[in-house]
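Visitor: Take a look at the letters that make up each chain.
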Amino acid sequence: MKVQLVKLAHARSGDKADWVDFGLFAWNEAGYRLIAREVTAERVQAHFAPWLPGTVQCWALPNILALKLVLQGALQGGGARNLRMDNLGKAMAAALLRMEIEVSAAEFAEACAAPRVGWWPEAP
Amino acid sequence: MHANVRIGAGLGFYGDAWEPVAASIERGGVHYIASDHLAELTLAILQKDRQRDAALGYARDVVPMLMRLWPLMQARGVKFICNAGGLNPAGAAAALRAAFAAKGLKARIAVVTGDEVLPRLAALTPPHMFNAQPYESVRERMVFANAYLGARPIVSALQQGADIVITGRVADAALFLAPLVHEFGWKLEDAATQPELDRLAQGLAVGHLLECSGQGSGGNFGSQGAWKAIPDLAHIGYPIAEVGEDGSALITKAPGTGGRINFDTVRQQLLYEVHDPTRYISPDVVLDMSALKLEDLGEDRVRMTGARGHPRPAQLKLVGGFREGYKAEVTWGFSWPDAWDKAQAAVAMVKAQLADRRMAHDELFVEYPGLNSAHGPLAPLPAPEALAELNEVWVRLVVRTQDKTVADGFGRLFPWMALSGPAYTCGFHGLNNSSELLGIWPALVGREAVEAAVRVELLSP
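As they're listed, the protein sequences go chains A and B. So the first sequence is residues 44 to 167, counted in this note's numbering. So the second sequence is residues 27 to 487, counted in this note's numbering.
Rather than coming from a laboratory, the hints here were simulated on the basis of the structure. Here the structure is a predicted model, which is why all the values come from computation and not from measurement. Even glycine gets a Cβ: it sits at the ideal position worked out from N, Cα and C. Be careful, since some hints might not be right.
[To be verified] EDC-like, lysine to aspartate or glutamate: derived pairs with alpha carbons at most 20 Å apart:
1) Lys319/B with Glu271/B
2) Lys74/B with Glu462/B
3) Lys343/B with Glu66/B
4) Lys213/B with Glu271/B
5) Lys59/A with Glu66/B
6) Lys133/A with Glu66/B
7) Lys74/B with Glu166/B
8) Lys343/B with Glu325/B
9) Lys343/B with Glu474/B
10) Lys254/B with Glu165/A
11) Lys133/A with Glu474/B
12) Lys74/B with Glu393/B
13) Lys377/B with Asp434/B
14) Lys254/B with Glu325/B
15) Lys59/A with Glu350/B
16) Lys50/A with Asp129/A
17) Lys343/B with Asp434/B
18) Lys430/B with Glu474/B
19) Lys319/B with Glu72/A
20) Lys254/B with Asp302/B
21) Lys132/B with Glu462/B
22) Lys59/A with Asp302/B
23) Lys133/A with Asp42/B
24) Lys74/B with Glu162/B
[As the list claims (entries may be wrong)] Counterexamples of contact, computed for chain B against chain A with all Cβ distances above 12 Å:
25) Pro410
26) Gly437
27) Arg473
Go ahead and model the full structure; you've got the sequences and the hints to work with.
Guide: Here it is, written out as structure tokens:
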């Protein structure tokens, strides 16, 4: 089944000159195994390509259940010359969370059922 | 010397709120506040100020901020470190001293200068560090260039007894690393053994977690749904780090404040604006996060250990800004019916006028706030039937041009179309907002070319 990353992970984006970087964080180990397997530099590059055809690099950080991604050529040359309303790409992490990955129903159920690692006393 | 040093986050950018800092001072038991006023683009804003008035060029919020916070800090022996000096640290200090004198406040203020490298770039000609473009291509258009200094001059200022340290461009995290080096007597330039490098790396990681204020304590927590479970962002507490002599750190915040410190909020900030996480480069140490451990202790407490350090780089990073033409933008709204089609017709009218009047431009950028301005074509537009029935459509048109008169005249293309264009215009926004665009020039320069000019001056109270 196809699952949007937003169901398995949270993310923040930032900018340096013309590059936008993303931290992508699974909620637990089971979710991390899925994003580490499915979210590759090539696939993220293909995801953004209809909008921003720049090169993507990816690093895995299993110690914090996270992936680090960097998209080059993301800001029309940089925030101070970017004509977009979101000139710094602050909302671009959400564009990454739109990406779909292929997982089995059992894998998705396991990742959703596993508790979050963080302290969330008010979590619904 | 404190057994553990507690550092509170100050501002995360020029324009941030300082009431959360008051909470950290009054209830957070902090020894230092370190405040980051400079994002990558802030120097571009300060440059425009400095062009208008040579006494400006610093982050002006530091004056009202310290008028509010310094009495609280002074009463508790808290020291304050900031980079609000921007392009004019001496000007920031002068403004602060004048404001303090008017209210009878006293402090020992130190000023760090020497990060400005523009006059030396013509000789150094550093290429763009991301795309290798040669310096000559922007030389005539460069308006500022500042190197990221490390912690040493701040440590010197603290050693001289400064209560308030004002710097220009320094590595953001150096504002936080410096008090740790000062308090614990950590080796800095001569750190050589793995434990010496690792504790510097811990200090760098602490600074990185705190330099964006509320982004380290549950603000801007990018997620679906989970952000709603973060309590009381209206009264967010900025992060506080309690650091031991070995560099191990506890990240927390003042009691009774909103926000959340947990594994998720802390790691979202940990990777923010990091590229290769095994080589996060600062002027003082290179941080490897690959064995870093975040232990969620609950109750807004996260323990951080395991940062690994590598020796500092031979070169320093600088960021320059160069003039790159002008832009002007107008946002124009249309109501139902046919709102989408009318917006398309409006764009065509603007294009026709630009052509008729021979207004030279590089680009007319068009986006639709509320539909696709955040994610471009990755945000699918509604199906044609739904598009035709939209309640309203706003179109944002932005012209990019090398000709200032074209940018200044762009807004005048619009008002007449309220009567002579498509119907049910529900507003224009931004008819008079042309502005200059700046390209950003990140580059590397030899450390010695910069550091020889760095000065620390302690002003008499």
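Visitor: All hints are to be evaluated individually against the structure, with a verdict given for each.
Guide: Do the hints match the structure? See the list:
Taking the CA atoms of Lys319/B and Glu271/B, the gap is near 18 Å; set against the 20 Å cutoff, the hint holds. Taking the CA atoms of Lys74/B and Glu462/B, the gap is near 10 Å; set against the 20 Å cutoff, the hint holds. For the suggested pair Lys343/B and Glu66/B, the alpha carbons sit about 12 Å apart, so the restraint of at most 20 Å is met. For the suggested pair Lys213/B and Glu271/B, the alpha carbons sit about 12 Å apart, so the restraint of at most 20 Å is met.
A C-alpha spacing of about 7 Å is found between Lys59/A and Glu66/B, which places the hinted pair at or below 20 Å, so the restraint holds. Taking the CA atoms of Lys133/A and Glu66/B, the gap is near 14 Å; set against the 20 Å cutoff, the hint holds. Under the criterion of a C-alpha separation no larger than 20 Å, the hint pairing Lys74/B with Glu166/B is consistent with the structure, at around 17 Å. For the hint pairing Lys343/B with Glu325/B, the CA-to-CA distance comes to about 38 Å; that exceeds 20 Å, so the pair is violated.
Proximity of Lys343/B to Glu474/B is assessed by CA-CA distance (about 12 Å); at most 20 Å being required, the pair is judged to hold. This hinted pair checks out: Lys254/B and Glu165/A have alpha carbons roughly 9 Å apart, not beyond 20 Å. The straight-line distance between the Cα atoms of Lys133/A and Glu474/B is roughly 36 Å, outside the 20 Å bound, and the hint therefore fails. Restraint check for Lys74/B and Glu393/B: the C-alpha separation of about 28 Å exceeds 20 Å, so the hint is violated.
Proximity of Lys377/B to Asp434/B is assessed by CA-CA distance (about 16 Å); at most 20 Å being required, the pair is judged to hold. Of the pairs offered as hints, the one joining Lys254/B and Glu325/B holds, with about 17 Å between alpha carbons and a cut-off of 20 Å not exceeded. Restraint check: the Cα-Cα separation between Lys59/A and Glu350/B comes to about 18 Å, which is no more than 20 Å; the hinted pair holds. Taking the CA atoms of Lys50/A and Asp129/A, the gap is near 24 Å; set against the 20 Å cutoff, the hint is violated.
Note on Lys343/B and Asp434/B: the hinted pairing is violated, with a Cα-Cα distance of about 35 Å set against a maximum of 20 Å. A C-alpha spacing of about 40 Å is found between Lys430/B and Glu474/B, which places the hinted pair above 20 Å, so the restraint is violated. Using a Cα cut-off of 20 Å, the hinted pair Lys319/B and Glu72/A holds, with the two alpha carbons roughly 15 Å apart. With a C-alpha separation of about 31 Å, the suggested pair Lys254/B and Asp302/B falls outside the 20 Å cut-off, and the hint is violated.
Distance hint between Lys132/B and Glu462/B is unfulfilled; the C-alpha atoms sit about 40 Å from each other, more than 20 Å. Restraint check for Lys59/A and Asp302/B: the C-alpha separation of about 13 Å stays at or below 20 Å, so the hint holds. Between Lys133/A and Asp42/B, the direct Cα distance comes to roughly 16 Å. Compliance with the 20 Å bound is thereby established for this hinted pair. A distance of roughly 23 Å separates the Cα atoms of Lys74/B and Glu162/B; the hinted pair therefore is violated under the 20 Å criterion.
Interface exclusion of Pro410/B from chain A stands, the closest Cβ pair being 19 Å apart, more than 12 Å. At the 12 Å boundary, the C-beta of Gly437/B stays outside the reach of chain A, the nearest C-beta of that chain being 15 Å off. Every CB of chain A is more than 12 Å from the CB of Arg473/B (nearest about 20 Å), matching its label as outside the interface.
Checked against the numbered hints above, the structure violates hints 8, 11, 12, 16, 17, 18, 20, 21 and 24; every other hint is satisfied.
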